[in-house]
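Here the protein sequences come in this chain order: E and C. Residues in the first sequence are numbered consecutively from 1, following full-length UniProt numbering. Residues in the second sequence are numbered consecutively from 1, following full-length UniProt numbering.
Heads up, a few of these hints could be off.
[To be verified] Chain C regions said to be covered by chain E (calculated; three or more residues, Cβ under 8 Å): (1) 147-153; (2) 171-183.
[As the list claims (entries may be wrong)] Here are the computed lysine-lysine pairs in the DSBU-like style, where the Cα-Cα straight-line distance is at most 30 Å: (3) K198(E) <-> K154(C); (4) K156(E) <-> K154(C); (5) K182(E) <-> K154(C); (6) K129(C) <-> K218(E); (7) K182(E) <-> K17(C); (8) K218(E) <-> K133(C); (9) K154(C) <-> K218(E); (10) K200(C) <-> K156(E); (11) K133(C) <-> K198(E).
Worth flagging that the hints you see were computed from the coordinates, not collected in a lab. Given the structure is predicted, the values throughout are model-derived calculations rather than measurements. Just so you know, even glycine gets a beta-carbon here, dropped at the ideal spot from N, CA and C.
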Amino acid sequence: MARFDPYENNGGTCVAIAGADYCVVAADTRLSAGYNILSRDSSKIAHLADKCVLASSGFQGDVKALQRNLAAKELVYEHNHNKKMSCPAMAQLLSNTLYYKRFFPYYAFNVLGGLDSHGKGCVFTYDAVGSYERTGYSAQGTGAALMMPVLDNQLKSPSPLLLPARDAVTPLSESDAVDLVKDVFASATERDIYTGDKLEIVVINSSGSHRECIELRKD
Amino acid sequence: MSIFEYNGSAVVAMVGKNCFAIASDRRLGVQLQTVATDFQRVFKIHDKLYIGLSGLATDAQTLYQRLVFRHKLYQLREERDMKPQTFASLVSALLYERRFGPYFCQPVIAGLGEDNEPFICTMDCIGAKELAKDFVVSGTASESLYGACESMYKPNMEPEELFETISQALLSSVDRDCLSGWGGYVMVVTPTEVQERVLKARMD
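Build the full structure now, drawing on both the sequences and the hints.
Structural data, given as structure tokens:
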């Protein structure tokens with residue numbers, strides 16, 4: 001008997017790295033369904049506020065719905081408080097938004113990057129139902145398992161259980177962090193069929209944000 | 001859960017300049033419970049030929065015993081050691097014999113052949129060979145290992161650099177895999193010597 005199946009994994013990988021005064025958020029632009037490529041130029045990154053960028057992979061329908069929902073709530077916040085939402089505030093909002101659908105979840109794996117109120121880089125990483133953690137770097141999506149050991153190796157974040165709490169931001173310079181992101185994507189693209197085509201990188205720092213695109217393998 | 005993931009494992013081999021390295025983790029577990037932290041998955045066939053067996057530990061040991069047996073018979077009859085390519089075919093044939101009730105192992109074979117040409121290869125549990133020029137991985141940490149090796153490997157490394165690279169790749173990978181880790185074991189084989197090292201690692 002035919003059954004309603006509301007979920008599909010459209011693949012893709014998202015990475016974010018936080019530094020002392022910057023944050024790099026990156027994702028590939030491939031959109032897949034099974035063994036098919038639906039699009040080679042489909043962005044996974046949403047600019048939610050001045051200093052707040054969300055990259056999500058998973059089910060594209062849910063990702064789009066979630067990102068629009070957050071953008072709408074951010075706009076209401078702006079009107080109510082006469083300022084843009086901060087990144088930690090957006091992080092809590094995203095968690096609540098995901099948990100609100102605890103028993104029919106958004107099939108979306110999110111990495112939120114930006115600057116906190118002190119201008120320091122921050123990365124928040126999520127599961128599908130809103131459990132989240134502030135970290136120094138993170139990878140989510142189909143290529144995450146390939147990238148995470150390399151990021152660990154290069155960035156070694158201190159355990160969140162340490163007392164007193166250590167700073168999780170990475171020691172790398174902004175350009176080194178961007179180069180590392182390009183490297184891990186180039187490597188993951190070699191082995192993950194759902195990652196490739198193009199890499200979209202957004203860098204946020206005190207002077208605003210800027211976006212760049214580089215080519216990845218297309219096979 | 002898959003029977004290949006019952007004990008947990010990570011095996012990797014890399015080719016360098018006239019040398020190769022083969023490494024594995026040291027954990028033996030029963031699903032999530034760790035039973036031993038000095039388990040051996042890399043075995044010597046002869047001075048220039050090693051095999052790493054990921055997957056179900058009992059099958060790894062049985063398969064190793066059968067391979068040693070077959071290699072000794074070969075040595076008696078031929079009065080020489082087996083070439084890595086020949087040995088890979090032997091492993092493949094032995095595995096395919098059990099086509100419909102396989103050994104739950106994914107072997108990694110690494111050796112120095114004629115003129116000390118390095119040879120590495122892996123295969124699935126029923127003997128389909130996969131030859132590679134750079135590196136091969138297997139076990140529960142294979143996905144992490146693919147990512148790490150793809151980023152860290154470069155061709156024509158000298159033995160010291162090869163040791164550093166394979167160790168970093170192994171340790172980074174097993175730290176992201178719950179079922180493998182608890183120390184590492186690395187062999188670097190050159191035409192003249194074999195370096196055997198035990199790595200200390202995170203015990204969690």
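### Task
For the pair we were handed, K198(E) and K154(C), check the Cα-Cα distance against 30 Å.
Distance ~24 Å between K198(E) and K154(C) Cα, so the pair holds.
### Task
Starting from K218(E), check that the Cα of K133(C) is at most 30 Å away, please.
23 Å, holds
### Query
Between K154(C) and K218(E), does the CA-CA distance stay at or below 30 Å?
This hinted pair holds, its Cα atoms lying about 22 Å apart.
### Query
Taking only the CA atoms, is the gap from K156(E) to K154(C) under or equal to 30 Å?
22 Å, holds
### Message
Is the listed coverage of the stretch 147-153 of chain C by chain E valid when you require three or more residues with a beta carbon under 8 Å from a beta carbon of that chain?
### Response
The restraint on the stretch 147-153 of chain C holds, since 5 of its residues have a Cβ under 8 Å from chain E and three suffice.
#### Entry: Coverage of the stretch 171-183 of chain C by chain E, judged on three or more residues with CB within 8 Å
Holds: 4 residues of the stretch 171-183 of chain C have a Cβ under 8 Å from chain E.
### Query
Between K182(E) and K17(C), does the CA-CA distance stay at or below 30 Å?
Given that 30 Å is the threshold and the Cα spacing comes to 28 Å, the pair holds.
### Task
Sort out whether K156(E) lies within 30 Å of K200(C), counting only the CA atoms.
17 Å, holds
### Straight-line alpha-carbon gap K133(C) to K198(E), limit 30 Å
Holds. K133(C) to K198(E) sits at ~28 Å (cutoff 30 Å).
### Given hint K154(C) paired with K182(E) - CA-CA distance at most 30 Å
17 Å, holds
### Proposed proximity, K218(E) with K129(C) (alpha carbon, max 30 Å)
27 Å, holds
Consistency note: the structure conflicts with none of the earlier hints.
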